[in-house]
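Colleague: So the chains spell out like this:
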Amino acid sequence: MSAPPPDRRRQLALLSALGRRFGAFVLTLLGAALLAQVLLWSAPGDAADLLAGDPELRAALVVEMGLDRPPHVAWWAFVTHALGGDLGRSLTYRPGMAVLELVQPAALRSLVLVVGALVVSLLVGTALAYVTAGRRSLGRRLLQAVSIAPVFLMAWVLVVGLNEWAFELMLQDRIVRPSWFALPDQESLLKWALAIGVLAVGSSAVTEVHSACEDELKAIRRSGYVDAARARGARLWPHVLWNLVPPLTTIASSRAAFFVGGLVVVEKVLHLNGVGAMLWQACRLRDVPLALGITFVAAAVVCGARLLADVLRVTVDPRLRTQT
Amino acid sequence: MNLSGAVGLAVMSAVVVAWGVSLVSGYDVVADVNPEHMNLGPASAHWLGTDHLGRDVAWRLVTASEVFVGPGLFACLLALLLGVPAGAWAGWVGGLGAELVRYVFTVIASLPRFVLVLLVCAIYGSSVWTLAAAAAVAYSPAIAEAVYSRIATFRGREFVLAAEAHGVHWARILGWHLLWVNGKTLIARHALQLFAYFLLVETTLSYIGALEAGAGFGVPEPTPSWGNMIAFEWGVRHGNQWATWAPALAIWVVILGALLLADGLAEGDHA
Numbered sequence: 001m002s003a004p005p006p007d008r009r010r011q012l013a014l015l016s017a018l019g020r021r022f023g024a025f026v027l028t029l030l031g032a033a034l035l036a037q038v039l040l041w042s043a044p045g046d047a048a049d050l051l052a053g054d055p056e057l058r059a060a061l062v063v064e065m066g067l068d069r070p071p072h073v074a075w076w077a078f079v080t081h082a083l084g085g086d087l088g089r090s091l092t093y094r095p096g097m098a099v100l101e102l103v104q105p106a107a108l109r110s111l112v113l114v115v116g117a118l119v120v121s122l123l124v125g126t127a128l129a130y131v132t133a134g135r136r137s138l139g140r141r142l143l144q145a146v147s148i149a150p151v152f153l154m155a156w157v158l159v160v161g162l163n164e165w166a167f168e169l170m171l172q173d174r175i176v177r178p179s180w181f182a183l184p185d186q187e188s189l190l191k192w193a194l195a196i197g198v199l200a201v202g203s204s205a206v207t208e209v210h211s212a213c214e215d216e217l218k219a220i221r222r223s224g225y226v227d228a229a230r231a232r233g234a235r236l237w238p239h240v241l242w243n244l245v246p247p248l249t250t251i252a253s254s255r256a257a258f259f260v261g262g263l264v265v266v267e268k269v270l271h272l273n274g275v276g277a278m279l280w281q282a283c284r285l286r287d288v289p290l291a292l293g294i295t296f297v298a299a300a301v302v303c304g305a306r307l308l309a310d311v312l313r314v315t316v317d318p319r320l321r322t323q324t
Numbered sequence: 325m326n327l328s329g330a331v332g333l334a335v336m337s338a339v340v341v342a343w344g345v346s347l348v349s350g351y352d353v354v355a356d357v358n359p360e361h362m363n364l365g366p367a368s369a370h371w372l373g374t375d376h377l378g379r380d381v382a383w384r385l386v387t388a389s390e391v392f393v394g395p396g397l398f399a400c401l402l403a404l405l406l407g408v409p410a411g412a413w414a415g416w417v418g419g420l421g422a423e424l425v426r427y428v429f430t431v432i433a434s435l436p437r438f439v440l441v442l443l444v445c446a447i448y449g450s451s452v453w454t455l456a457a458a459a460a461v462a463y464s465p466a467i468a469e470a471v472y473s474r475i476a477t478f479r480g481r482e483f484v485l486a487a488e489a490h491g492v493h494w495a496r497i498l499g500w501h502l503l504w505v506n507g508k509t510l511i512a513r514h515a516l517q518l519f520a521y522f523l524l525v526e527t528t529l530s531y532i533g534a535l536e537a538g539a540g541f542g543v544p545e546p547t548p549s550w551g552n553m554i555a556f557e558w559g560v561r562h563g564n565q566w567a568t569w570a571p572a573l574a575i576w577v578v579i580l581g582a583l584l585l586a587d588g589l590a591e592g593d594h595a
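So the protein lines, in turn, are chains H and C.
For the first sequence, the working numbering begins at 1 and goes up steadily by one.
For the second sequence, the working numbering begins at 325 and goes up steadily by one.
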């Protein structure tokens, strides 16, 4: 049998690389669902304890909620239902409502925050790197020192600072009451902007993008093709930007988990009703199906971001296709 | 060790001293309620003043070390027990076994850390020790992956092959030459980062938990935590500013200190 022609071989390599990554994505997601089920199964007591004191009612609830099944059976049921778009029903948060119905609108609100934070950190980080590359800068140290502070602390300082400042000005009759006052209570654009900013800085995305871009820019500025392009009088930034794509996608995908974790805190402190605040509430009320559903969606987002970044990098960089 | 590492070491030493002082002092957080002395500013009797219940802020600041130093150390120990042997074994044997071990940790890492911590607290209760265990499990993939890649890099080096050819037992090569001699700094760095992460999680949960009515997460009043101290003074007008800013500053300084020390250790550690 003769070897396939080079073009075909290249396509095959690309396909198999993509297939491997997709397989890893599916396996990880299945594992995450199993992990959640094992956690539940090993729990002392269950959701039925919280709802029913009467043993007969309790026994009925256990069967109804499927708590008597071993974890692998519950896991398989969860996975097959999830494939059909059914993540179960809420128990205590909104009793009887489908989890997916609850999560969808909240997740859309949170998506605005995550995408906003991602865009902000990419733009700000890259711009900062462009300015500071190859220099020692105090600003960079300062940014790093600030970004290690917990998200809640950052949000708290901003909220308290802005509220106090506005309150003082109002007391002195310098301004009329701003539409966003008091910050956590009123729905306003400023609150969303603050949340996006805190999420971008607090999840260390800005500093990660900044330092990765700085290293990359230093390397790129020294490299031969930049000299060549410069000598021919060509524009530099298309080359530079194209070479920034792989490191930036890696960072963006690795920050996805931190964005999702930060969402819970930012939404709680600023009173934004997204999926993070819903998870907190579901955990407080021991609403296991809802908490599990949100956790599964979070895992899907994290793994999906990784898959997307992998696909993008494999497409951009042919060297990655041959590696396992 | 460089300057920032020394600063980090100083901060961490101060934390340990505060913990020791708190353990032997026997300061009673409930008996200290004293309405006659509420909202005082800093003075020689109360170094950082008092909060709106008249409790001494400086003592509460010191006592709060009890809810994160002990559990934080426990979290570090547990995460090392989970991550180091698994990562080291995977790096040593390689192949399918390594892929399986790494798969398990990838699965844990696919849940965002904070989400996993919340879920565990919802299921197993929200004592500070449960929180520590949850943080340890959530952080263990980072440790396992770091140890794995360190051991896998060193596995094929000449000195390892030479030791094997000399008939040195594999456990000695792995445990002494690789993990201890070439891996201890890496492991200590991750332990410090986990300590900082645990403080972050504990104060976050205590802060948000204290703002809500009813049973929540985190450390509840009257036990002081730097997180619930901030929340407790929220909205107190004309109160003692230090009652909120001192714990806020303390959180930031200790996290910064732990990370600076970790950075200081990184110097001179090459794979």
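Don't read these hints as lab results, they were simulated from the structure.
Since the model is a prediction, treat every value here as computed from it, not as a measurement.
For every residue, glycine included, the Cβ atom is placed at its ideal position computed from N, Cα and C.
The reader is advised that the hints may include incorrect statements.
Where chain H lies over chain C, by a calculated footprint (3+ residues, C-beta under 8 Å) [as the list claims (entries may be wrong)]: (1) 414-426; (2) 431-439; (3) 466-474.
Counterexamples of contact, computed for chain H against chain C with all Cβ distances above 12 Å [to be verified]: (4) 166; (5) 167; (6) 298.
Every beta carbon over 10 Å from chain H, so not counted as near; a handful from chain C, in silico [unchecked claim]: (7) 404; (8) 508; (9) 536.
Colleague: Are any of the numbered hints broken by this structure? If so, which, sorted upward?
Modeller: 1, 3, 5, 6, 9
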